Amino acid sequence: MIGNQLALIRREIWEHRSIYVTPAAIAVIVTLGTLAMLLFAGGFAKELDVAIFGAQNLAGDTERKVVLTGFFIGTSWLFLFALAILTVFYSLDSLYAERKDKSILFWRSLPITDAETVLSKLLTALIVIPLVAVIAIIATHMVNLVITSIWVSAKGGDAGHLIWGSVPLLDNWASALLVTLASAIWMSPFIGWFLFVSAFTKRSPLLMAFMPLVVIPLIELIFVRSTVFFEAVFTRRGMMPLFKGMDMQEFFDEDRLRFNAEAVSLLSYLDVGQFLRSPSMWAGVLVCGLLTTAAIYVRRYRDES
Amino acid sequence: MTSLVSAKGVSKRFGDVRAVDNVSFEVEKGKIMGLIGPNGAGKTTLLKALLGLTDCDGDLSVLGLNPFKQRKQLMRNICFIADVAVLPRWITVSKLVDFMEWTHPNFSRERAEALLAETSVRSDAKVSQLSKGMITQLHLSIIMAIDAKLLVLDEPTLGLDIIFRKEFYSNLLNDYFDGERTIIITTHQVEEIENLLTDIMFINDGKILLDASMESLGERYVELLAAGEKADHARGLGPIADNQMFGKSVLLYEGVARDRLEEFGELRTPAVADLFVAKVKGARK
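Protein chains in written order, with the working numbering: chain A, 1 to 305; chain B, 306 to 590.
Mixed in with the good hints, there may be bad ones.
Said to hold, decoys possible - In silico BS3-like pairs for lysine-lysine, Cα to Cα no more than 30 Å straight-line:
#1 A:Lys100 with B:Lys431
#2 B:Lys512 with A:Lys102
#3 A:Lys102 with B:Lys377
#4 A:Lys100 with B:Lys584
#5 A:Lys102 with B:Lys553
#6 B:Lys471 with B:Lys454
#7 A:Lys202 with B:Lys437
#8 A:Lys102 with B:Lys437
#9 B:Lys437 with A:Lys100
#10 B:Lys400 with A:Lys102
To be verified - If we take Cβ atoms under 8 Å as the criterion, some of the chain A residues that face chain B in the derived model are:
#11 Met1
#12 Asn4
#13 Glu15
#14 Asp101
#15 Ser103
#16 Leu105
#17 Phe106
#18 Pro111
#19 Arg225
#20 Phe229
Stated by the list, open to error - Residues from chain B that keep clear of chain A, each with C-beta distances beyond 10 Å, as calculated:
#21 His409
#22 Leu522
#23 Glu568
Hints are computed from structural coordinates only; laboratory data are not their basis. Just so we're clear, the structure is a prediction, and the values are computed from it rather than from any experiment. Quick reminder that beta carbons are idealized off the backbone N, C-alpha and C, glycines included.
Build the full structure now, drawing on both the sequences and the hints.
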């Protein structure tokens with residue numbers, strides 16, 4: 001069972017190279033961006049100059065920490081955004097492509113159950129893609145910190161203190177891991193829905209997946225004059241419950257960030273317990289489970305001929 | 306003899322259409338059975354039911370298992386080629402061998418590699434880069450590396466040229482078939498396989514028209530070449546097919562003793578293809 005799962009997940013990564021190509025491409029773009037800014041964009045380099053070196057003379061480490069933390073959060077969100085798009089396309093393709101190219105008959109000629117196959121696709125969307133993204137985030141941070149360190153050292157600065165001493169790396173990376181995995185779990189009902197659509201649709205899975213999500217709320221709004229469906233599916237009564245007493249506006253408040261040196265511990269903003277206790281999260285997981293089961297049944301009972 | 310496949314009253318409907326209609330038969334161990342039928346006869350549906358790819362009504366047991374409910378267990382001991390194009394196009398040959406090794410308990414990597422070494426398929430090639438014939442060679446190498454009890458081939462040589470087709474069947478007989486294994490094969494090109502079959506089954510409109518061993522065909526069916534008046538007399542014995550060829554009549558009889566026919570002309574055992582056409586036409590009347 002576990003051996004088959006590992007083999008199946010490896011197969012998913014072979015087939016869907018975008019799982020690692022996309023994060024790698026973003027990592028390269030971010031790194032090239034950093035390089036270009038340091039080498040060619042005079043204004044940016046000057047600002048960074050002030051942030052990093054100026055801090056030695058000005059009000060302590062705060063500003064430097066804000067700049068570096070901003071870089072951490074900014075790149076991480078970039079990966080999360082790409083991850084979301086990647087997951088949509090991956091899950092919509094996962095059970096559709098094998099029917100389209102008729103390889104489903106080959107896969108089903110092997111001693112592997114439909115449940116194992118669909119589960120491997122769910123696990124890929126839910127865990128593998130987020131983990132690859134987190135690895136890419138960490139690698140991007142490392143490479144960019146090294147580049148910035150070289151730049152600082154070339155200017156005669158103490159990179160060990162100015163760069164590596166300013167950011168709680170493990171704290172940030174643990175946060176990135178938690179936020180990424182939690183986002184995938186929070187969005188799992190969508191993944192389940194996409195898998196289900198991917199298993200049953202005869203054509204254009206993208207259209208089939210999104211049309212009901214747009215049309216049903218519109219119909220409800222026009223005829224019933226309510227927004228129950230929209231709220232249940234999209235807003236789910238607020239933000240992902242991982243964020244503590246969360247108010248995004250407050251989080252990004254410039255003054256607060258600028259003058260609160262403690263702001264750099266991203267982990268302190270997360271509340272795993274609150275996430276695990278959230279009925280809304282569990283309801284989503286349940287919906288994901290039901291839709292995935294439906295996808296298994298469609299793959300098993302549908303006759304492709 | 307042990308029955309590998311046992312079907313009793315098996316049916317499969319699609320809406321109002323009965324693709325397989327109350328079919329009963331047995332396939333014994335060590336046989337090579339040809340399943341012959343025109344397009345839409347229900348061959349593929351029947352094979353899918355045998356392979357657990359579709360559910361059906363009636364009692365169906367393959368290797369003592371219920372194919373639809375126990376597909377995973379069944380697939381450890383069955384292998385099949387459903388059509389030449391089903392290997393995923395994105396996979397490379399070496400990855401395919403890896404995947405088979407990881408997931409199939411009866412797959413032998415050594416055997417697959419030995420078989421592939423005899424072909425022109427390179428291990429780093431992607432399936433999408435291979436020609437149709439090479440894909441079939443690859444698929445067959447993979448399948449033959451599985452130590453399976455039953456091999457099911459559904460139109461395995463569709464779209465291949467004659468050289469590949471000949472090679473395919475000679476590989477199958479020489480490298481795979483050992484008298485312990487059992488093969489079920491469907492094809493349109495009956496004449497290519499008729500001398501390797503031990504048993505034959507005709508299917509049309511979801512029903513079995515004939516289920517016999519190849520040996521018994523010569524006893525049950527006889528073809529008479531006769532001309533002129535003799536042919537007219539011979540027609541009185543009720544041939545199931547009546548064709549003209551080079552000015553002679555070719556008459557096909559079922560269950561008529563050879564010594565009763567000898568006086569009218571030359572006798573011979575009918576080709577499976579001719580027998581098949583006669584049976585299907587007869588069923589339509």
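Structure-based check of all given hints:
1. A:Lys100 with B:Lys431: holds (18 Å)
2. B:Lys512 with A:Lys102: holds (28 Å)
3. A:Lys102 with B:Lys377: Roughly 20 Å between the alpha carbons, so the hint for A:Lys102 and B:Lys377 holds.
4. A:Lys100 with B:Lys584: Violated, because 37 Å separates the two Cα atoms, which is more than 30 Å.
5. A:Lys102 with B:Lys553: Given pair A:Lys102, B:Lys553 is violated - Cα atoms ~48 Å apart, limit 30 Å.
6. B:Lys471 with B:Lys454: Between B:Lys471 and B:Lys454 the Cα gap is close to 24 Å, so the pair holds against 30 Å.
7. A:Lys202 with B:Lys437: holds (26 Å)
8. A:Lys102 with B:Lys437: The hint holds at about 15 Å.
9. B:Lys437 with A:Lys100: Satisfied, since the Cα-Cα distance of roughly 18 Å is no more than 30 Å.
10. B:Lys400 with A:Lys102: OK: B:Lys400 and A:Lys102 at ~19 Å, within 30 Å.
11. Met1: violated (10 Å)
12. Asn4: The hint holds - A:Asn4 has a Cβ within 8 Å of chain B, the shortest such distance being about 6 Å.
13. Glu15: holds (6 Å)
14. Asp101: Holds - the Cβ of A:Asp101 comes within 8 Å of chain B, reaching about 6 Å at its closest.
15. Ser103: holds (4 Å)
16. Leu105: holds (4 Å)
17. Phe106: Constraint on A:Phe106 satisfied, holds at 4 Å.
18. Pro111: This interface hint holds because 4 Å falls under the 8 Å limit.
19. Arg225: violated (41 Å)
20. Phe229: violated (34 Å)
21. His409: Given that some Cβ of chain A is not farther than 10 Å from that of B:His409, nearest at about 6 Å, it is violated.
22. Leu522: At about 30 Å from chain A, B:Leu522 clears the 10 Å cut-off, so the statement holds.
23. Glu568: Given a closest Cβ separation of 50 Å, the condition holds.
Of the numbered hints listed earlier, those contradicted by the structure are 4, 5, 11, 19, 20 and 21.
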